[in-house]
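**Q** Model the full assembly from the supplied sequences, consistent with the hints where possible.
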Amino acid sequence: MERLQRDALLVTLIEHLQQQGSWCGETHIQKTAYFLQDLMAVPLGFDFILYKHGPYSFDLTSELTQMRADGIVSLLPQPPYGASYRPGRTSEVVKNLYPKTIQKYTRQINFIAQRLGAGNVASLERLATALFVTLRGKEAGVKARAQRISQLKPHIPVGEALDAVQRVDGIRHDSQAILG
Amino acid sequence: MDFLKAYLPGQAFATDVDSHLRMTDHEVLSAILEADRNPDSPLHREAQRITRREHFRCLYERNPEDVQVNPEAGKAVFGAAAVEFGKENLRYDQYTQKGGGSDFPVLTDDDRICSSIALSTVLANVPVVAIEYVFVDPSVRARAEKWLKSHRSDIIRPVRREE
Numbered sequence: 001m002e003r004l005q006r007d008a009l010l011v012t013l014i015e016h017l018q019q020q021g022s023w024c025g026e027t028h029i030q031k032t033a034y035f036l037q038d039l040m041a042v043p044l045g046f047d048f049i050l051y052k053h054g055p056y057s058f059d060l061t062s063e064l065t066q067m068r069a070d071g072i073v074s075l076l077p078q079p080p081y082g083a084s085y086r087p088g089r090t091s092e093v094v095k096n097l098y099p100k101t102i103q104k105y106t107r108q109i110n111f112i113a114q115r116l117g118a119g120n121v122a123s124l125e126r127l128a129t130a131l132f133v134t135l136r137g138k139e140a141g142v143k144a145r146a147q148r149i150s151q152l153k154p155h156i157p158v159g160e161a162l163d164a165v166q167r168v169d170g171i172r173h174d175s176q177a178i179l180g
Numbered sequence: 001m002d003f004l005k006a007y008l009p010g011q012a013f014a015t016d017v018d019s020h021l022r023m024t025d026h027e028v029l030s031a032i033l034e035a036d037r038n039p040d041s042p043l044h045r046e047a048q049r050i051t052r053r054e055h056f057r058c059l060y061e062r063n064p065e066d067v068q069v070n071p072e073a074g075k076a077v078f079g080a081a082a083v084e085f086g087k088e089n090l091r092y093d094q095y096t097q098k099g100g101g102s103d104f105p106v107l108t109d110d111d112r113i114c115s116s117i118a119l120s121t122v123l124a125n126v127p128v129v130a131i132e133y134v135f136v137d138p139s140v141r142a143r144a145e146k147w148l149k150s151h152r153s154d155i156i157r158p159v160r161r162e163e
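Taken in order, these protein sequences are the chains called A and B.
Take the first sequence: its letter number 128 is residue 128 in our numbering, and every next letter is one higher.
Take the second sequence: its letter number 148 is residue 148 in our numbering, and every next letter is one higher.
Quick caveat, the hints were computed from the structure, so don't treat them as lab data.
The structure presented is a predicted model; accordingly, all values stated were derived computationally and were not measured.
In this text, a Cβ means the ideal position worked out from N, Cα and C, and glycines have one as well.
Please note that a few of the clues may not be correct.
Stretch-level coverage of chain A by chain B, calculated; a stretch enters the list once three of its residues show a Cβ under 8 Å from a Cβ in chain B [said to hold, decoys possible]:
no., region
1, 61–74
2, 78–90
3, 94–107
**A** Below, the structure is given as structure tokens:
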């Protein structure tokens, strides 16, 4: 996927997240982009690792910086918290370059925005970590995955990890209707 | 850069300590002068660029107005110029700041934690470092500048990549 093609999808994701009332900070974009790529098979091409607060891509951070430089997104300070991402002055130019790509992946983006858009940073961390462990871990059962999450991220209690795994299983199940 | 790439084995400095330390300025400068004096040297042209100040000159640099029209305006100029004047006469260079910028938590005097960009309008408005250049061989520079001046708006106009 070309860089601007990927940027067109990221801007579309940001717009959909906003519509769902998301704060749309970098963490929200990181976690939802991870779901888009690894669950919904949208080929964004980012390399995600399990970092301190769940799946994280340094490439995506750099991409967002590049998008800021190009005016595709802008940062809006939201005192007293951090900043939110918003579509920038050249976002429409980029989207107009790739109408087919946007159309192809709009259902996937909309699904993820609807399921995760209202989540705060802490819940998104748990859900994204649950998906990471589910897709890449060796543990298959719900309890085993929850224990693995709590082991990897000791600040997540097993009870919350269990809830996250169950929610992720639900999202995975529902995603089949879109993925076919 | 072109000279070093052509001169160094594997196009890069050795990474083992002994070989790396043996390659000093003296070796490189000596190689440049030798290649400059020998028209049959495969490095002759690259050496001349340095010894005779025939280095590539700036044809185009990133312009915020152009970026608003096409975020990849520099690449578009490079691509079109390469077709017009030959790729061997053009060089493209770009760099964009890595990392997430200047948003970090700040502990205030009253023991609250705030975002740095919420506290500082200066940090909130620090622009992202982004540079982009297209360089041209001096032998075609005048023609290239004239050509770019008359075709710039057509070249940077974004072409819809999907219908």
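**Q** Which hint numbers does the structure go against, in order from smallest to largest?
**A** none
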